[in-house]
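In our numbering, the protein residues as written are 83 to 389.
For the record, the hints were derived by calculation from the structure and aren't laboratory data. Mixed in with the good hints, there may be bad ones.
[Unchecked claim] Below, in silico cross-link-like pairs of lysine-lysine (DSBU-like), each with a Cα-Cα straight-line distance of 35 Å or less:
| id | residue 1 | residue 2 |
| --- | --- | --- |
| 1 | Lys258 | Lys314 |
| 2 | Lys139 | Lys256 |
| 3 | Lys106 | Lys263 |
| 4 | Lys281 | Lys99 |
| 5 | Lys281 | Lys109 |
| 6 | Lys292 | Lys263 |
| 7 | Lys256 | Lys292 |
| 8 | Lys139 | Lys292 |
| 9 | Lys139 | Lys281 |
| 10 | Lys292 | Lys314 |
| 11 | Lys106 | Lys292 |
| 12 | Lys99 | Lys109 |
| 13 | Lys314 | Lys106 |
| 14 | Lys109 | Lys258 |
| 15 | Lys292 | Lys281 |
| 16 | Lys281 | Lys150 |
| 17 | Lys106 | Lys258 |
| 18 | Lys106 | Lys150 |
| 19 | Lys150 | Lys169 |
| 20 | Lys258 | Lys281 |
| 21 | Lys139 | Lys263 |
| 22 | Lys258 | Lys169 |
| 23 | Lys169 | Lys281 |
| 24 | Lys99 | Lys169 |
| 25 | Lys292 | Lys258 |
| 26 | Lys139 | Lys150 |
| 27 | Lys263 | Lys169 |
| 28 | Lys263 | Lys314 |
| 29 | Lys99 | Lys314 |
| 30 | Lys150 | Lys263 |
| 31 | Lys109 | Lys150 |
| 32 | Lys139 | Lys314 |
| 33 | Lys150 | Lys314 |
| 34 | Lys258 | Lys139 |
| 35 | Lys256 | Lys314 |
| 36 | Lys99 | Lys150 |
| 37 | Lys109 | Lys263 |
| 38 | Lys106 | Lys256 |
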Amino acid sequence: MNAPADLQALNARAAQKAAHEANKLEKRLLRLAGQAIAAYNMIEAGDRVMVCLSGGKDSHGLLDLLLKLRSRAPVDFEIVAVNLDQKQPGFPADVLPAYLTSLGVPFHIETQDTYAIVTRVIPEGKTYCSLCSRLRRGILYRVAAELGATKIALGHHRDDIVATLFLNLFHGGKLKGMPPKLVSDDGRHVVIRPLAYVKEADLARYAQVKRFPIIPCDLCGSQDNLQRQEVKRMLAEWDRRHPGRVQNIFNSLARVVPSHLMDASLFGFRDLAATGSANADGDIAFDQEPCGSPESAVGEIRFADGD
Numbered sequence: 083m084n085a086p087a088d089l090q091a092l093n094a095r096a097a098q099k100a101a102h103e104a105n106k107l108e109k110r111l112l113r114l115a116g117q118a119i120a121a122y123n124m125i126e127a128g129d130r131v132m133v134c135l136s137g138g139k140d141s142h143g144l145l146d147l148l149l150k151l152r153s154r155a156p157v158d159f160e161i162v163a164v165n166l167d168q169k170q171p172g173f174p175a176d177v178l179p180a181y182l183t184s185l186g187v188p189f190h191i192e193t194q195d196t197y198a199i200v201t202r203v204i205p206e207g208k209t210y211c212s213l214c215s216r217l218r219r220g221i222l223y224r225v226a227a228e229l230g231a232t233k234i235a236l237g238h239h240r241d242d243i244v245a246t247l248f249l250n251l252f253h254g255g256k257l258k259g260m261p262p263k264l265v266s267d268d269g270r271h272v273v274i275r276p277l278a279y280v281k282e283a284d285l286a287r288y289a290q291v292k293r294f295p296i297i298p299c300d301l302c303g304s305q306d307n308l309q310r311q312e313v314k315r316m317l318a319e320w321d322r323r324h325p326g327r328v329q330n331i332f333n334s335l336a337r338v339v340p341s342h343l344m345d346a347s348l349f350g351f352r353d354l355a356a357t358g359s360a361n362a363d364g365d366i367a368f369d370q371e372p373c374g375s376p377e378s379a380v381g382e383i384r385f386a387d388g389d
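Please model the entire structure based on the sequences and the hints provided.
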């Protein structure tokens with residue numbers, strides 16, 4: 083028995099399996115991003131898409147997938163990557179320019195010392211997210227106008243969308259999530275989230291496979307008392323104990339039944355009257371099926387053909 087040869091064969095098989103799994107992952111991410119873009123008409127012919135690149139795994143994945151989709155898309159569109167250097171201490175300002183140059187992607191680095199503003203205004207122990215987000219959003223809207231961008235692409239994924247739903251429920255008293263497409267606060271831009279159908283865990287794996295030059299956040303991401311992190315831990319525990327629960331919650335955002343909620347501006351409760359005709363979607367308040375069926379029995383929403 084030739085031990086070195088056997089070890090070499092094992093290594094070769096392991097490498098082949100890893101390559102196969104990486105290829106499956108990339109295909110799945112491309113399919114899901116393509117489905118989301120098509121379902122919400124996120125990108126149209128002639129668009130100039132500004133990809134907001136923070137240096138984290140999600141925005142790196144977004145840029146990579148959009149570049150691949152552009153090469154096979156039925157419509158022509160441009161991509162320009164934009165990074166906001168917020169002057170956080172220790173931020174490696176040379177990493178993203180070098181990476182983007184190697185990809186041959188047009189890019190713009192916007193330098194604004196929002197770090198000094200946030201740390202000066204927000205009391206110690208309080209979270210930076212709200213002010214940081216407002217400052218960053220205003221700057222990116224301005225840059226989008228200067229660059230002639232028609233769409234602003236953000237790297238939020240499925241788990242961000244579900245977490246936002248619960249943050250609004252717990253802390254805002256609103257049944258409100260994070261839409262895959264919206265008009266910006268100033269009314270001048272369309273913001274899109276092509277990764278809306280993608281799981282965070284898949285993006286983390288993809289970042290490892292692609293070896294993206296990840297830059298950690300030393301501002302918001304460095305704080306321990308973030309409500310969003312608490313919600314993410316809650317959802318992760320739910321999904322561990324009840325596989326499929328987070329996906330079901332996500333699916334529910336596209337299966338809204340206004341007649342079974344309480345917003346009178348969305349449904350005419352005041353004028354509701356018996357018609358004498360049967361309604362298959364009527365009162366099923368006492369039916370047991372919605373509560374009795376296992377969460378894993380409800381599959382993902384399918385917007386296009388695919389496995």
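Status of each hint after checking the structure:
1. Lys258 / Lys314: Status holds; Cα separation ~17 Å.
2. Lys139 / Lys256: holds, 29 Å
3. Lys106 / Lys263: Measuring from Cα to Cα gives roughly 27 Å; hence the hint holds.
4. Lys281 / Lys99: With Cα atoms ~22 Å apart, lysine 281 and lysine 99 stay inside 35 Å; holds.
5. Lys281 / Lys109: At roughly 14 Å apart (the allowed maximum being 35 Å), lysine 109 and lysine 281 satisfy the hint.
6. Lys292 / Lys263: Cα-Cα ~27 Å, so holds.
7. Lys256 / Lys292: violated, 38 Å
8. Lys139 / Lys292: Given pair lysine 139, lysine 292 holds - Cα atoms ~10 Å apart, limit 35 Å.
9. Lys139 / Lys281: holds, 12 Å
10. Lys292 / Lys314: holds, 25 Å
11. Lys106 / Lys292: Answer holds: lysine 106 to lysine 292 is near 13 Å, not above 35 Å.
12. Lys99 / Lys109: holds, 15 Å
13. Lys314 / Lys106: Status holds; Cα separation ~26 Å.
14. Lys109 / Lys258: holds, 31 Å
15. Lys292 / Lys281: holds, 17 Å
16. Lys281 / Lys150: Given that 35 Å is the threshold and the Cα spacing comes to 19 Å, the pair holds.
17. Lys106 / Lys258: holds, 33 Å
18. Lys106 / Lys150: holds, 15 Å
19. Lys150 / Lys169: holds, 31 Å
20. Lys258 / Lys281: holds, 20 Å
21. Lys139 / Lys263: holds, 21 Å
22. Lys258 / Lys169: holds, 33 Å
23. Lys169 / Lys281: With a Cα-Cα distance of about 30 Å, the restraint between lysine 169 and lysine 281 holds, given a limit of 35 Å.
24. Lys99 / Lys169: Violated, at about 42 Å.
25. Lys292 / Lys258: holds, 34 Å
26. Lys139 / Lys150: Roughly 17 Å separates the two Cα atoms, so the pair holds.
27. Lys263 / Lys169: holds, 29 Å
28. Lys263 / Lys314: Roughly 22 Å between the alpha carbons, so the hint for lysine 263 and lysine 314 holds.
29. Lys99 / Lys314: holds, 31 Å
30. Lys150 / Lys263: holds, 21 Å
31. Lys109 / Lys150: Given that 35 Å is the threshold and the Cα spacing comes to 11 Å, the pair holds.
32. Lys139 / Lys314: Distance of about 17 Å is within 35 Å: holds.
33. Lys150 / Lys314: holds, 30 Å
34. Lys258 / Lys139: Given pair lysine 258, lysine 139 holds - Cα atoms ~26 Å apart, limit 35 Å.
35. Lys256 / Lys314: holds, 18 Å
36. Lys99 / Lys150: Distance of about 23 Å is within 35 Å: holds.
37. Lys109 / Lys263: holds, 23 Å
38. Lys106 / Lys256: Not satisfied, since the Cα-Cα distance of roughly 38 Å exceeds 35 Å.
Violated hints for the displayed structure, listed by number in ascending order: 7, 24 and 38.
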